[in-house]
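Student: In case you want the letters, here they are:
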Amino acid sequence: MSSYSASTLDTAAALLALLGETRTEPRADDQLEALTLAVAADLPVLLWGEPGIGKTAALTQLAETLDLPLTTVIASVHEPSDFSGLPIVGDDPANQGVPMAPPDWAVRLVREGRGLLFLDELSTAPPAVQAALLRLVLERRVGALQLPPGVRIVAAANPRASAADGWELSPPLANRFVHLQWVHDPEVVVRGLGGTWPRATLPSLDPGRLADSVDHARRAVCGLLAGRPALVHQIPKSETRRGGAWPSPRSWEMALRLIAFAGTAGSSRDVLSLLVRGTVGDGPGLELLAFLDRMDLPDPELLLADPAGARLPERGDLRQAALDGVVAAVRNRPEKARWDAAWALLVRALETGAPDLVVVPASSLAALRREDWDVPAAIDRFAAAVGLSERADRAAARVAVGSR
Amino acid sequence: MTDRQELDREKLFAARLFAARARPYLATALFALHPVASERVPTMAVDRHWRCYVSPAFVARTPVEELAGVWVHEVSHLLRDHHGRSDRVARELGLTGPAERLRMNIAADLEINDDIFGDGLPTPEDALQPSQFRLDSDLLMEEYLRQFRLGPELQRIAWLDCGSGADGLEREWDLGPDGADGLSARQRDAVRFRVAEAIRARPGDTPQGWRRWAEEAFQPPQPWRELLGAAVRAAVSSGGAGDDYTYGRPARRSVSLPGIVLPSLRRVPPRVTVVVDTSGSVSDAELGGALVEVAAIVRAVGGRRDLVSVLSCDAAAQSVGQLCRAEGIALVGGGGTDLRTGFAAALRARPRPDVVVVLTDGQTPWPSARPACRTVIGLFARLGRRVREHDPDYRPDTPPDWARVVELHT
Chain A
1 MSSYSASTLD
11 TAAALLALLG
21 ETRTEPRADD
31 QLEALTLAVA
41 ADLPVLLWGE
51 PGIGKTAALT
61 QLAETLDLPL
71 TTVIASVHEP
81 SDFSGLPIVG
91 DDPANQGVPM
101 APPDWAVRLV
111 REGRGLLFLD
121 ELSTAPPAVQ
131 AALLRLVLER
141 RVGALQLPPG
151 VRIVAAANPR
161 ASAADGWELS
171 PPLANRFVHL
181 QWVHDPEVVV
191 RGLGGTWPRA
201 TLPSLDPGRL
211 ADSVDHARRA
221 VCGLLAGRPA
231 LVHQIPKSET
241 RRGGAWPSPR
251 SWEMALRLIA
261 FAGTAGSSRD
271 VLSLLVRGTV
281 GDGPGLELLA
291 FLDRMDLPDP
301 ELLLADPAGA
311 RLPERGDLRQ
321 AALDGVVAAV
331 RNRPEKARWD
341 AAWALLVRAL
351 ETGAPDLVVV
361 PASSLAALRR
371 EDWDVPAAID
381 RFAAAVGLSE
391 RADRAAARVA
401 VGSR
Chain B
1001 MTDRQELDRE
1011 KLFAARLFAA
1021 RARPYLATAL
1031 FALHPVASER
1041 VPTMAVDRHW
1051 RCYVSPAFVA
1061 RTPVEELAGV
1071 WVHEVSHLLR
1081 DHHGRSDRVA
1091 RELGLTGPAE
1101 RLRMNIAADL
1111 EINDDIFGDG
1121 LPTPEDALQP
1131 SQFRLDSDLL
1141 MEEYLRQFRL
1151 GPELQRIAWL
1161 DCGSGADGLE
1171 REWDLGPDGA
1181 DGLSARQRDA
1191 VRFRVAEAIR
1201 ARPGDTPQGW
1211 RRWAEEAFQP
1221 PQPWRELLGA
1231 AVRAAVSSGG
1241 AGDDYTYGRP
1251 ARRSVSLPGI
1261 VLPSLRRVPP
1271 RVTVVVDTSG
1281 SVSDAELGGA
1291 LVEVAAIVRA
1301 VGGRRDLVSV
1311 LSCDAAAQSV
1321 GQLCRAEGIA
1331 LVGGGGTDLR
1341 TGFAAALRAR
1351 PRPDVVVVLT
1361 DGQTPWPSAR
1371 PACRTVIGLF
1381 ARLGRRVREH
1391 DPDYRPDTPP
1401 DWARVVELHT
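Residue numbers (the numbering used here), protein chains in the order written: chain A, 1 to 404; chain B, 1001 to 1410.
Okay, chain B solo, but in the shape it has when bound (with noise of 0.2 Å):
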C-alpha cells in the first residue's frame, strides 16, 4: 500500500485525555485500553480483551473533538459486556451470521449513544440514534435489537463496525486471547467494578443510562422465569407440602427393622392460588405470559390442575376460578387495584391454599401482616424512568419482607 499512514499518537491521546476530562469517571477504563494501529479497521474498534484497534486514516481526518467522542464510545461497549450479551442473544435466539452480529452492533450503538455525548463531548456526525430507527430512547441493546430489521435504508451503514468487543463476531484483525496487552477476564471485571464504583460515588454527575448501568453490572437481572419457577417450586415444596417423609403410614424398610416407625416418602400435592392483578396499569400479554408460566411451573412440581385456582383482583377481588385451560382463564377488571381484597379472597376458600402466587405491577397497597401461607409475589419491572403516572408524587408501597419478590422483565 502506497498511502500508508503513521498513526498520529498525539492526536489519539490528546483525544483520550479529552475523553477522560470530560468523562472523568470513564477515565480508569480509557486509560486501560490498549490502542493498537490497524489498517484494516474502517474507523475504531475494540475486542473483548479491551484493544483499540485504531485507523491511521481515521485519526488523521477526524478532530481531537469527535476522535474523543469515538473513544468514549468504544469503551462504552466493553464496559456494558456488549459482546458477552451479544454471544447470549444470538445463542438464545438462534441468530447465526454477520447480517445478525451487525444488527447487534446497531443495536448496541443505539444503546449506547442517546446518553453518552452531549455535556462537553460533542456528537460524532454519523453516530446512530433510535430517532433514525423512530425508536424510543432509554432501551437495552436487547430491546432494540426485537424493534428494527435490516433493510434497503441501512445500506449506508453497513460499513460500520465496532469490532469483536461490540458484537462478539471475531474479526481478521483481532488479535485474540493469546495475543500482547490484553486484559483477562479477571481484569476486565477489576476495570469495570471500578469504573461501577466511580459512579455510584458521584451519581449527581452522570447520565441515567450510565447509573443504570453501575447498578447494573454485578448485579444482572436474572430471566425472571427461571427466579420466578425457584420461588415457586420452593415455595411449594419446602416442609408441609410437595414430596417429604411423612409417619403417616410406615416405610418400606419397616420390614427389616421390626418394632422401629420409619418415615415414608409421601406426595402432598401444594394448593395454589394465583392472584392476578388486572388493574388498568398492566397489560393483557404481560400478564398471559406470567400466569401461563406459573400454571406450568405448578404442573411440572405435581400440583394438579384441580389444586390451582386463579383470582383475578382489581379494587375488589372478582371471581375465583379453577384453572381448567391455560387459555380459559376469565381476567375482570380494570380499575385501580387493592391487593389485599385479593389476599383476603384466597385466604377465605376453603380447604386453604398452601402457596398464593400474586402477579403485580406493585402499585397496591399491601396486607399489612404475614398471611397464613407461603407467598410469592411476581412483579412487573417498572423502570422509574418509564413510568408515566398521572400523580408525580404517588409512590405505591414496596412489596413486604414475608414475601419472595421476582421481579418479572417482559
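Just chain A, with the same shape it has in the complex (with noise of 0.2 Å):
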C-alpha cells in the first residue's frame, strides 16, 4: 500500500513540474516600467489594487530587476509594536529607560544596507497598525532603527470601495506617495495560463541623459506653475478624490524627478502619465502631459529657417497648432523673408497633409501681408485650400438661409 502512495506522489511531482513548465514573452508593461522608474526614483509607491491580480509576482521581478533582496512584510498579520518596536525591560527602566527593540526583519534589511521592502495588505491593517506603518513609510524609521538609503519601499492597498474596514489615506498622507493603479491585463493572464508569461523590458537609465533631462524636468513643471500658480496647491475637497494623489508643492517636486527619471529612462508618454497622474492627480497631471506635447511641438523659428526639410507632426490637431506657431512667430517679428517661408511651410503641410488644417494659418498669414511685399508664387497652390473653404461657407449660407 506504501509503494502505491509513494508513486502516486512521484506522480503527482510530474504531474506539477509539467504545470510549472511555463515560458516566458517580452512585453511592454506600462504600470511595471511605472512602478520600476518612481522605486528607482526613491519615492513611496503605494500600489492600489484588489488581492489576487499579481501585485506580489510584479514586486518579486522588480527586485529581480533592481538586483535589490525583497522583504515582504504583510501587515495585516503584525501588531503595531512590530512596526514601532517591542518594548525590552532592562534591569533599571527608570534610569536606562525602555528600549523599544526592532523585528528581525528591520535588523536584517539594515545589516544589508540594502533592499526592496513590501508593505502588502495595508487596507486589511487594523488602523493602529497602519499609524505605525505610515511612520515607517514616511520617516523610515522602525523602533530604534533608522532603514539605510539604499531600502526601497513599496506599499499595497485594496481600492476602497472593496476595502473591507475602512482604510483611508488622509489627504497630507496622500500627497506623500506615488499611487499607482495596478490592473490585470485579461489577454496577459490567458496567455500566462496557455504556457507564456510577460517578461517586462524595464527601462534603464541612460548617464548620458542626465543634464538634459534635469532641465527638460524643470522647464515642463515651472513653465506650467508659472502660467497656472492655482495648480501650485489645492486639497481634494470631493469624496471621490479623498485618498488619492493631489497637487502641492511636495507632490508637484516629486512630478519633477519622475519626469526627469522617465527622460533619463527614455520612457513613454504613457508610462509617463501614470507617474505624473498618481503624484499630483488627474487634472493637474493631464495639464502637465498638454504642457510637454506643446514642448514637443517644432520649434516656429528652426522650421522657418528651414522649411523645405521642416518636418511637421503627422497628427492634425498638432499639425494646426505648429502652423499656428509659426504664423504667430511671423506675427511677431514680420519680416517679407519669413513670410516668404511661412508660405513656404504651408505649402508643405498641404502637400503632405488634410487641407482643411492650412485654412486658417493662411489666412492669418495672408492678413500680415505689407503693402510692398509680393504675394509668393506658391500662393496658388492655395486655390483649393480656398475652394474648401469657400466650400464650407455656401454650405453656411445654405444653412442659414434654411434656418430663417
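Heads up, a few of these hints could be off.
[As the list claims (entries may be wrong)] Incomplete in silico selection of chain B near chain A, CB under 8 Å:
#	residue
1	1013
2	1055
3	1123
4	1124
5	1126
6	1186
7	1194
These are calculated hints, taken from the structure and not from any lab test.
C-beta atoms are modelled at their ideal positions from N, C-alpha and C, and glycine is treated no differently.
Both chains are given apart, each in its own frame, so use the hints to dock them into the complex.
Tutor: Written out as C-alpha cells, the structure reads:
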C-alpha cells in the first residue's frame, strides 16, 4: 500500500513539474515600468489593486531586476509594536529607559544596507497598525532603527470600495505617495495560463541624458506652474477624490523628479502619464502632459529657418498648433523673408496632410501682408484650400437661409 | 466591385472645416481624428483609436452641411468615451451579443443628438432623437439604455452603425490597436482634456450637455454604493470605534514580556443612527435602496442589528426605532424637511451614536455646528436641470464641511 502512495506522489510531482513549465516572452508593461521608475527615484509607491491580481509577482520581478533582496511584510498579521518596536525591559527602567526593539526583518535590512521592502495588505490592517506603518514609510524608522537609504519601500492597498474596514489616507499622507492603480490585463492572464507569461523589459537609465532630463523636467514643471499658479496647491474636497493624489509643492517636486527619471530612461509618454497623474492627480497631471506636448511641438523659428526640410507633426490637431505657432512667430517679427518661409511651410503642410488644417493659418498669414510684399508664387497652390473654405462658407450660407 | 468610388476628400475636409467653425470648442478633437476611406462602412464610423472610417459613397451623396453634423456626431462618441462606457455597462449588466451593442449604439446616439445640432449645424435627416422613442431628452446613455427595447419598429435603423468607437464592439473594418495613425490612451486623454478645457474656458458658448461633460470628463461620478460604503466604513471603524488596540485588557504577548502592558485588539462595535429624510422630494424607491445599502454596510463592518437605529424625519423627527428587519422600517412623513430636528433627536438617544448617517436630497437647513459624532451624508443627486421647484429662487444650504458627503445616483 505504501509503495502505491509513493508512486502516486511521484506521478503528482511529475504533473506539478509539467504544470510549472512555463515560458516567458518579452512584453511592454507600462504599469511595471512606472513602478520601476518610481522605485528607482526613491519615492514611496502605493499600489492600489484588488487582491489576487499579481502585485506580489510584480514586486518579485522588480526586485530581481533592481538586484535588491525582497522583504515582504504582511501588514495585517502584525501588531503596532512590530513596527514601532517591542518594549524590552532592562534591570533599571527608570534610569536606562525601555528600549524599543526592532523586529528581525528590520535588523536584517539594516545589516544588508539595501533591499526592497514590500508592505502588503495595508488596507486590512487595523488603524493602529496602519498608523505605525505610516511612520515607517514616511520617516523610514522601525523602533529605534533608521532604515538605510538603500532601502526602497513599496506598499499595497485594496481600493477603498473593496477595503473591508475603511482604509483611508488622509490628504497629507496621500500627498506623499505615488499612487499607481494596479490592474490586470485579461489577455496577459489568459496567455500566462496557457503557458507563456510576460517578461517585462524594464527601463535602464542612460547616463548620457542626466543633465538634459533635469533641464527638461524643470522647464516643464516651472513653465506650467508659472502660467497656472492655481495648480500649485489644491487640497481635494470631493468624496471621489479622497485618499488620492493631489497637487502641492511636495508632489510637484516628486513629479519633477519622475519626469527627469522617465526622460533619462527614455520612457514613453504613457508611462509618464501614469506616474504624473498618480503624483499630482488627474487634472493637474493632464495639464502637465498637455504642456509637455506643446513643448514637443517643433520650434517655429527652426521651421522658418528651413521650410524645405521641415518635419511637421502627423496628427491634425498638433499640426495645426505648429502652423499657428509659425504664423504667430511671423506676426511677432514681420519680415518679408519670414513671411515667404511661412508660405513655403504651408505649402508643405498642404502637400503632406489634410487641406482643411491649412485654411486658418493661411488666412491669418495672408492678413499679415505688407503693401510692398509681393504675393509668393506658391499662393496658387492654395486654390484648393481656398475652394474648400468657400465650399464650407456656401454650406453655412445654405444653413443660415434654411434656418430662417 | 465595379461601382468603386473615389473618396471626395475635398468635400469631406470642407465639411470638417464647417464643423470646426460651427463648434470651435471641438476643433482639436475634429482635427485629431484620422479619416480612413472604407467601402464596408455604411456611412461614417469611428474606432476607439480615433480613426474615422468613411464611406466614399456616403460622402458623395450627402451635402457638406450634413456631413459636418456627422463629423460632430462621431467625434462626440469618442469624446464621451461611449466605447469604454459600453464595455462597462456590458460587464456590469452581463449584456452580450450584437443586438445589445446595437442598443448601446442607439442609446449613445440619443445622448449625443439631443443637444449637438442646431445653432448653425443642421440635424442630419435620420439622426435618432429621444422623442422618437417617447423618452425625455438630456439623459445619459446608461439611462436611455434602461428605457427601451429593440422592437420591430426599430428594424429600419438596424443598419445604423457608428463603429466600435460608439459601442465597443470590434468591427471587421477596424484597423485595431496596432494599425497606423491610431491615438494611444494617453493621447486620447490629452485631446479630451483639451476639449474640456476649451469648453470650460467659454461655457457661455456651449450647450448644457457639453458643459456637464466637461465638468465630469476627468472626474467621473463614482458608483455611489462604493463611496457610501467607504465613507460609512471609515466612520464606524476609525479610532474610537471598531477594531483597534486598547489597554483595557493585556495583549496575548504580555506573557513573554513580564512587567510590560501591551495593548490588545478589541472590537468596539459602533452605534449607528440613520436619519432618513422623508420629505416629499425624495422618492420611496430611492430611499429604500439607500437605506438597505447603509444597513448592509453597517452589518458588514460588525455593527450588530440592535446597534443600528433608523429615524425618519421631515419637519419634525417622527420615530426612532430599532432596525430589526431591513424591510420592516416604517417611514413616516412627506412634508418639508428640517434635518436639524433629526440630528437633535439622534443625539438625544442614550447611549449616544458613534456615527450618524443622513440620507437626504439636501433641500434642508443644516445644523450650524459640528455634532458630537462622525457624520456621513448621503445626498440624492439632483442635477440642476431636472429640479422643478415651485420657487426658482430657492437655494437650499449646501451640506456642511464637517460631514463626509457622498452623492447618491439612482
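Student: Give a verdict on every hint.
Tutor: Structure-based check of all given hints:
The beta carbon of residue 1013 of chain B comes within 4 Å of a beta carbon in chain A, closer than 8 Å, and the hint placing it at the interface holds. Nearest Cβ of chain A to the Cβ of residue 1055 of chain B: about 18 Å, over the 8 Å cut. The hint is violated. Given the 8 Å rule on beta carbons, the hint for residue 1123 of chain B is violated: about 11 Å separates it from the nearest Cβ of chain A. For residue 1124 of chain B, the suggested interface contact is broken, since its CB lies about 12 Å from the closest CB of chain A, more than 8 Å.
Here the hint on residue 1126 of chain B is broken, as its CB sits about 17 Å from the closest CB of chain A, past 8 Å. Annotation: interface hint on residue 1186 of chain B holds; nearest CB of chain A at approximately 4 Å, less than 8 Å. Taking 8 Å as the C-beta cut-off, the interface hint given for residue 1194 of chain B holds, the closest approach to chain A being about 6 Å.
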